[in-house]
Amino acid sequence: MTGVAAALAAYITGDRLTEDAAEPVVWAAVTFVATVGLVILLEEKTGLIG
Numbered sequence: 001m002t003g004v005a006a007a008l009a010a011y012i013t014g015d016r017l018t019e020d021a022a023e024p025v026v027w028a029a030v031t032f033v034a035t036v037g038l039v040i041l042l043e044e045k046t047g048l049i050g
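In the working numbering, the protein residues as written are 1 to 50.
Hints may be right or wrong, so weigh each one.
Unchecked claim - Quick list of the computed label-pair ranges, beta carbon to beta carbon:
# : residue 1 : residue 2 : range
1 : Ile-49    : Leu-8     : 19 to 29 Å
2 : Lys-45    : Val-25    : 26 to 36 Å
3 : Asp-15    : Gly-47    : 34 to 44 Å
4 : Val-25    : Met-1     : 17 to 27 Å
5 : Glu-19    : Leu-42    : 28 to 38 Å
6 : Ala-21    : Gly-47    : 38 to 48 Å
7 : Leu-38    : Asp-15    : 22 to 32 Å
8 : Thr-18    : Glu-44    : 26 to 36 Å
Bear in mind the hints are in silico, worked out from the structure with no lab data behind them.
Quick caveat, the model's predicted, so the values are computed rather than measured.
Here a beta-carbon is modelled for each residue, glycine too, at the ideal position from N, C-alpha and C.
Turn these sequences into a full structure, and let the hints steer you where they fit.
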């Protein structure tokens, strides 16, 4: 859920700041991957997942 929220925020921000149509989609995709990766890493380090 956190990754989706971060991706949506990045898309909205990118849509407001850039004129290119594809750039906000790239921002959202990169933000989603980075956020989900960070959450999984933190869950592993804290022992919340396997």
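Evaluation of the provided hints:
Hint check: Ile-49 to Leu-8, Cβ distance near 24 Å, so the stated range 19 to 29 Å holds. Between Lys-45 and Val-25, the C-beta spacing of about 31 Å keeps the proposed range 26 to 36 Å intact. For Asp-15 and Gly-47, the hinted distance range of 34 to 44 Å is satisfied, since their beta carbons lie about 38 Å from each other. A hinted range of 17 to 27 Å holds for the C-beta pair Val-25 and Met-1, which are about 20 Å apart.
Distance hint check: the CB atoms of Glu-19 and Leu-42 are about 35 Å apart, consistent with the given range 28 to 38 Å. In this structure, Ala-21 and Gly-47 meet the distance hint of 38 to 48 Å, their C-beta atoms being roughly 43 Å apart. The beta-carbon spacing between Leu-38 and Asp-15, approximately 23 Å, falls within the hinted interval of 22 to 32 Å. Between Thr-18 and Glu-44 the CB atoms are about 34 Å apart, so this pair conforms to the stated range of 26 to 36 Å.
The structure fails none of the hints (numbered hints given earlier).
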